[in-house]
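The residues making up each chain are set out below.
There are 2 protein chains.
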Amino acid sequence: MYNFDVERFKKMTAGALAQRENIEKCADEISKKGFKNIFFIGVGGSIAHMYPLQYILKTNSKIEAYAEIASEFMLMNHQHFGPDSVCIFTSRSGDTKETVAAAKFCKERGATTIGLVAKLGTPLANICDYVFDNFAEDDNLAESLYLQQFPLIFRLMHNNGEFPEYDRFIKELETMPELLLKAKESMEERARAFADHHKDTPYHILVGSGIMWGDTYNYAMCILEEMQWIRTKSIHAAEFFHGTLELVEEDTSVILLYTEDETRPLMDRVKNFVTKISKEVTIIDTKELELPTISKEFRKYMAIILMNTMLERISIHLERARNHPLTTRRYYRKMEY
Amino acid sequence: MYNFDVERFKKMTAGALAQRENIEKCADEISKKGFKNIFFIGVGGSIAHMYPLQYILKTNSKIEAYAEIASEFMLMNHQHFGPDSVCIFTSRSGDTKETVAAAKFCKERGATTIGLVAKLGTPLANICDYVFDNFAEDDNLAESLYLQQFPLIFRLMHNNGEFPEYDRFIKELETMPELLLKAKESMEERARAFADHHKDTPYHILVGSGIMWGDTYNYAMCILEEMQWIRTKSIHAAEFFHGTLELVEEDTSVILLYTEDETRPLMDRVKNFVTKISKEVTIIDTKELELPTISKEFRKYMAIILMNTMLERISIHLERARNHPLTTRRYYRKMEY
Numbered sequence: 005m006y007n008f009d010v011e012r013f014k015k016m017t018a019g020a021l022a023q024r025e026n027i028e029k030c031a032d033e034i035s036k037k038g039f040k041n042i043f044f045i046g047v048g049g050s051i052a053h054m055y056p057l058q059y060i061l062k063t064n065s066k067i068e069a070y071a072e073i074a075s076e077f078m079l080m081n082h083q084h085f086g087p088d089s090v091c092i093f094t095s096r097s098g099d100t101k102e103t104v105a106a107a108k109f110c111k112e113r114g115a116t117t118i119g120l121v122a123k124l125g126t127p128l129a130n131i132c133d134y135v136f137d138n139f140a141e142d143d144n145l146a147e148s149l150y151l152q153q154f155p156l157i158f159r160l161m162h163n164n165g166e167f168p169e170y171d172r173f174i175k176e177l178e179t180m181p182e183l184l185l186k187a188k189e190s191m192e193e194r195a196r197a198f199a200d201h202h203k204d205t206p207y208h209i210l211v212g213s214g215i216m217w218g219d220t221y222n223y224a225m226c227i228l229e230e231m232q233w234i235r236t237k238s239i240h241a242a243e244f245f246h247g248t249l250e251l252v253e254e255d256t257s258v259i260l261l262y263t264e265d266e267t268r269p270l271m272d273r274v275k276n277f278v279t280k281i282s283k284e285v286t287i288i289d290t291k292e293l294e295l296p297t298i299s300k301e302f303r304k305y306m307a308i309i310l311m312n313t314m315l316e317r318i319s320i321h322l323e324r325a326r327n328h329p330l331t332t333r334r335y336y337r338k339m340e341y
Numbered sequence: 005m006y007n008f009d010v011e012r013f014k015k016m017t018a019g020a021l022a023q024r025e026n027i028e029k030c031a032d033e034i035s036k037k038g039f040k041n042i043f044f045i046g047v048g049g050s051i052a053h054m055y056p057l058q059y060i061l062k063t064n065s066k067i068e069a070y071a072e073i074a075s076e077f078m079l080m081n082h083q084h085f086g087p088d089s090v091c092i093f094t095s096r097s098g099d100t101k102e103t104v105a106a107a108k109f110c111k112e113r114g115a116t117t118i119g120l121v122a123k124l125g126t127p128l129a130n131i132c133d134y135v136f137d138n139f140a141e142d143d144n145l146a147e148s149l150y151l152q153q154f155p156l157i158f159r160l161m162h163n164n165g166e167f168p169e170y171d172r173f174i175k176e177l178e179t180m181p182e183l184l185l186k187a188k189e190s191m192e193e194r195a196r197a198f199a200d201h202h203k204d205t206p207y208h209i210l211v212g213s214g215i216m217w218g219d220t221y222n223y224a225m226c227i228l229e230e231m232q233w234i235r236t237k238s239i240h241a242a243e244f245f246h247g248t249l250e251l252v253e254e255d256t257s258v259i260l261l262y263t264e265d266e267t268r269p270l271m272d273r274v275k276n277f278v279t280k281i282s283k284e285v286t287i288i289d290t291k292e293l294e295l296p297t298i299s300k301e302f303r304k305y306m307a308i309i310l311m312n313t314m315l316e317r318i319s320i321h322l323e324r325a326r327n328h329p330l331t332t333r334r335y336y337r338k339m340e341y
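Residue numbers (our numbering), protein chains in the order written: chain H, 5 to 341; chain U, 5 to 341.
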């Protein structure tokens with residue numbers, strides 16, 4: 005695979021999975037102590053990768069879960085937040101200004117704080133009650149986060165009497181490193197062709213739904229906009245027909261990030277429409293992957309990890325084809341604002 | 005004002021406010037009976053105009069509130085929904101497919117259903133337990149909805165012991181028709197100039213926060229995209245710095261829909277940044293309006309109604325300047341999908 009370090013990737017997946025027992029211990033302590041609700045708090049990619057967790061809870065659990073953007077959360081005087089809240093933060097750098105401030109805010113008010121970081125000793129790691137670290141970089145961060153957050157969230161549900169399949173789920177989760185590598189490989193040539201074909205495309209519409217919505221929003225904003233300076237519209241499949249559809253013409257690029265969950269028919273509806281109008285429809289669908297170690301009912305969860313790993317191939321080929329490094333920024337962290 | 009029927013507008017505001025006593029009766033019955041949570045369910049503009057209500061509840065009340073897209077809600081098996089839920093739907097036409105199906109779904113499962121429609125006798129009106137009708141069209145629908153939904157939501161909070169200022173708030177709400185007309189007038193020349201200047205602008209970034217976020221999302225998708233076929237990115241002010249900022253260049257149009265609520269500093273931060281980079285920043289800010297009958301602490305709520313009425317002036321002038329009727333659709337309700 006182009007510009008890909010297998011060993012580094014394996015180190016990331018192994019490192020994330022190695023946190024499992026500590027994460028379970030944390031979840032068990034929290035469940036034992038009792039809590040009122042969960043707050044997922046982050047900004048940009050970190051909140052985007054928590055929307056799926058909120059969706060999983062809403063559709064599987066009676067646990068109340070809020071997902072709030074860090075700097076808005078700090079101002080809004082959220083009436084459901086309190087000392088009995090469990091607050092989850094992630095920050096690769098460990099020093100994202102808004103996230104660090106929010107973690108401090110929550111801790112000072114007596115809430116339980118959990119931080120996922122790439123490195124210990126960083127401001128976020130120093131604040132939180134529970135900290136899990138695993139080295140990851142922009143190109144494999146999502147996988148690292150989900151491999152750690154799944155044991156946390158599903159264990160909390162399990163402890164709440166809602167996910168009896170927990171042990172089997174974890175056993176299957178532990179087979180993901182190999183499946184992720186295969187998914188990446190399966191994407192390689194498609195990603196190369198996509199990037200070559202679309203190197204001058206100035207605008208993409210990205211559509212997702214259900215568990216996949218957060219990652220759809222993320223790929224549009226944090227990769228295509230931030231790292232490639234390409235204009236995007238990310239739109240939920242259930243909302244697509246209430247405005248954005250009117251923009252689709254024969255040459256409009258529409259990227260469908262298919263979910264394997266119960267909202268899949270919403271994606272089918274968009275697909276049926278856009279393929280009638282546009283010749284530039286790209287479908288990325290984890291359903292095409294063989295996952296021999298994953299039960300049918302767990303595929304929809306694993307799909308968000310697989311999707312991120314497949315999308316990374318598109319990013320790296322866009323970097324090549326467009327001669328635009330993924331790390332170049334005009335403004336982010338380069339000027340005061 | 006260009007292409008504006010004052011009498012028709014006055015009829016709409018009077019009609020919406022005339023529903024107040026019936027709406028309060030409904031709220032009082034619901035509070036007396038007791039309920040577990042509120043579900044705002046809609047699609048496109050109708051859900052967008054309910055996000056502010058969810059925000060108001062989150063920041064003022066212990067009442068649990070969910071805002072869900074109708075067709076996703078139907079599929080997701082939401083674990084907090086049940087017979088003790090109060091479900092609120094709006095549909096101007098009264099026959100939006102997804103909304104009608106969701107209302108039927110909720111009613112069949114024993115939940116309390118409330119519908120706001122422009123016309124009785126429509127499918128949504130025929131399904132719901134409580135129905136409030138007021139004639140409105142696309143250009144004044146948001147104002148009609150908020151003038152009816154505010155008494156509903158604030159009364160439920162009041163009944164929950166959380167909004168003792170209710171009576172005063174309603175007295176002030178009843179002065180809104182005149183203030184709305186003045187706000188519209190104050191916008192007229194700016195809207196004309198904006199439309200003339202931007203008639204060929206192919207892409208706008210729209211930024212909002214807090215109470216104003218839903219209407220920001222709405223104006224981008226349901227007006228600029230659907231009615232003018234102009235590409236947009238709507239982005240929350242707290243998220244702007246995590247991707248979208250990289251797209252801003254000297255000639256990039258950025259439209260800031262300022263809130264008057266506690267998240268205003270988030271908008272200031274975006275303003276400080278974008279005005280350094282782009283020469284095409286448009287600020288629409290209700291704070292500039294004199295509202296002699298509105299208390300300072302209620303301005304932030306009234307601001308979303310005022311913003312919609314001001315934005316309508318931009319829409320009508322875009323229609324003129326671009327010679328593109330707001331009612332023309334390529335696909336919506338014109339083909340099967």
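Treat the hints as calculated values from the structure; they're not laboratory data. Incorrect hints may appear among the rest.
If chains are identical, the list can't say which one is meant, so a pair holds when it fits in one copy or spans any two.
[As the list claims (entries may be wrong)] Calculated lysine to any residue pairs in the SDA-like style (CA-CA distance at most 25 Å, straight line):
| id | residue 1 | residue 2 |
| --- | --- | --- |
| 1 | Lys283 | Asp171 |
| 2 | Lys291 | Thr63 |
| 3 | Lys338 | Ile67 |
| 4 | Lys300 | Asn130 |
| 5 | Lys36 | Ala22 |
| 6 | Lys14 | Lys108 |
| 7 | Lys40 | Met161 |
| 8 | Lys175 | Lys300 |
| 9 | Lys62 | Leu330 |
| 10 | Lys203 | Pro329 |
| 11 | Lys101 | Asp137 |
| 12 | Lys66 | Ile34 |
| 13 | Lys111 | His82 |
| 14 | Lys66 | Pro296 |
| 15 | Lys108 | Thr63 |
| 16 | Lys275 | Glu340 |
Going down the list of hints, with the structure as the test:
Neither within a single protomer nor between protomers do Lys283 and Asp171 lie at most 25 Å apart by alpha-carbon distance, with minima of 45 Å and 57 Å respectively. With identical chains, the CA atoms of Lys291 and Thr63 are at most 25 Å apart within one copy only, with a shortest distance of 21 Å there and 40 Å across copies. Taking the shortest Cα distances, Lys338 and Ile67 never come within 25 Å of each other, neither inside one copy (40 Å) nor across copies (42 Å). Taking the shortest Cα distances, Lys300 and Asn130 never come within 25 Å of each other, neither inside one copy (40 Å) nor across copies (40 Å).
In this assembly of identical chains, the alpha carbons of Lys36 and Ala22 lie at most 25 Å apart only when taken from the same copy (23 Å versus 52 Å across copies). With identical chains, the CA atoms of Lys14 and Lys108 are never at most 25 Å apart, being 33 Å at best within one copy and 50 Å at best between copies. Taking the shortest Cα distances, Lys40 and Met161 sit within 25 Å of each other both inside one copy (13 Å) and across copies (21 Å). In this homomeric assembly, Lys175 and Lys300 come within 25 Å of each other (Cα to Cα) only inside a single copy, at 14 Å, whereas the closest approach across copies is 57 Å.
Proximity of Lys62 and Leu330 under a CA criterion of 25 Å is satisfied in neither setting, with 34 Å inside one chain copy and 37 Å between copies. Within a single copy, Lys203 and Pro329 get their C-alpha atoms as close as 13 Å, which meets the 25 Å cut-off; across copies the closest is 34 Å, which misses it. Taking the shortest Cα distances, Lys101 and Asp137 sit within 25 Å of each other inside one copy (18 Å), while across copies they are farther apart (47 Å). When the C-alpha separation of Lys66 and Ile34 is checked against a cutoff of 25 Å, the pair qualifies both within a copy, at 16 Å, and between copies, at 23 Å.
Taking the shortest Cα distances, Lys111 and His82 sit within 25 Å of each other inside one copy (15 Å), while across copies they are farther apart (30 Å). For the homomeric pair Lys66 and Pro296, neither the shortest alpha-carbon distance inside one copy (31 Å) nor that between copies (46 Å) is at most 25 Å. For a Cα distance limit of 25 Å, the shortest separation of Lys108 from Thr63 across copies, 20 Å, qualifies, whereas the shortest one inside one copy, 30 Å, does not. Within a single copy, Lys275 and Glu340 get their C-alpha atoms only as close as 42 Å, which misses the 25 Å cut-off; across copies the closest is 13 Å, which meets it.
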